[in-house]
Amino acid sequence: MNISPRGLGMLRNVEVCLSVELGRARMTLKELLALQTDTVVPLDRLSDEPLDVFVNGKRIAKAEILTEGDRFALRIVEMDGEGDGDAGDAAIASDAA
Numbered sequence: 011m012n013i014s015p016r017g018l019g020m021l022r023n024v025e026v027c028l029s030v031e032l033g034r035a036r037m038t039l040k041e042l043l044a045l046q047t048d049t050v051v052p053l054d055r056l057s058d059e060p061l062d063v064f065v066n067g068k069r070i071a072k073a074e075i076l077t078e079g080d081r082f083a084l085r086i087v088e089m090d091g092e093g094d095g096d097a098g099d100a101a102i103a104s105d106a107a
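Just add 10 to wherever you are in the sequence shown, counting from 1, and you've got this note's numbering.
Note that these hints are calculated values from the structure, not bench results. Heads up, the beta-carbon is just placed ideally off N, CA and C, and yes, glycines get one too. Wrong hints could be hidden among the right ones.
Estimated spans, in silico, between C-beta atoms of each pair [claimed, not checked]:
(1) Val24 with Arg81: 17 to 27 Å
(2) Gly67 with Arg16: 24 to 34 Å
(3) Gly67 with Glu92: 16 to 26 Å
(4) Gln46 with Gly19: 43 to 53 Å
(5) Gly17 with Pro52: 42 to 52 Å
(6) Glu92 with Lys40: 40 to 50 Å
(7) Asp54 with Arg16: 35 to 45 Å
In silico EDC-like links for lysine to aspartate or glutamate, alpha-carbon gap of 20 Å or less [claimed, not checked]:
(8) Lys68 with Asp48
(9) Lys68 with Glu25
(10) Lys72 with Asp58
(11) Lys68 with Glu88
(12) Lys72 with Asp62
Generate the whole structure from the sequences, applying the supplied hints.
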């Protein structure tokens with residue numbers, strides 16, 4: 011995808027929703043209805059695996075979770091498309107910086 015720097019400039023102030031997925035769990039409706047305070051639900055991701063980072067529902071990166079002061083924060087460890095020869099996305103990212 012090629013977007014001119016001028017065209018990208020018009021989009022820089024558009025707000026997007028960034029979210030992070032810790033993992034997923036499958037359960038029956040019976041198990042779901044039995045959930046209560048203090049129930050532990052195991053997820054499908056190991057505790058040392060990077061987390062998936064999404065923008066408007068599309069995965070864009072993997073990250074580690076950390077704390078900054080009293081808040082959670084992310085350290086991006088891999089951008090989707092890095093190293094796969096997708097120069098178009100790299101150009102867009104560098105223009106956005």
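Now for the hints, and whether the structure bears them out:
Take Val24 and Arg81: their Cβ atoms lie about 24 Å apart, and the range 17 to 27 Å holds. At about 27 Å, the beta-carbon gap between Gly67 and Arg16 stays in the expected band of 24 to 34 Å. Distance hint check: the CB atoms of Gly67 and Glu92 are about 20 Å apart, consistent with the given range 16 to 26 Å. As the Cβ distance of Gln46 to Gly19 is approximately 51 Å, the hint placing it in 43 to 53 Å holds.
For Gly17 and Pro52, the hinted distance range of 42 to 52 Å is satisfied, since their beta carbons lie about 46 Å from each other. Between Glu92 and Lys40 the C-beta distance comes to about 42 Å, which sits within the given range of 40 to 50 Å. The hinted window of 35 to 45 Å between Asp54 and Arg16 holds, with their beta carbons roughly 43 Å apart. For the hint pairing Lys68 with Asp48, the CA-to-CA distance comes to about 31 Å; that exceeds 20 Å, so the pair is violated.
The suggested pairing of Lys68 with Glu25 holds, with an alpha-carbon distance near 15 Å, which does not exceed 20 Å. Proposed proximity of Lys72 and Asp58 is supported: the alpha carbons are some 12 Å apart, at most 20 Å. Distance hint between Lys68 and Glu88 is fulfilled; the C-alpha atoms sit about 15 Å from each other, no more than 20 Å. For the given pair, Lys72 sits about 5 Å from Asp62 by alpha-carbon distance, which is consistent with the 20 Å threshold.
Consistency note: the structure conflicts with earlier hint 8 alone.
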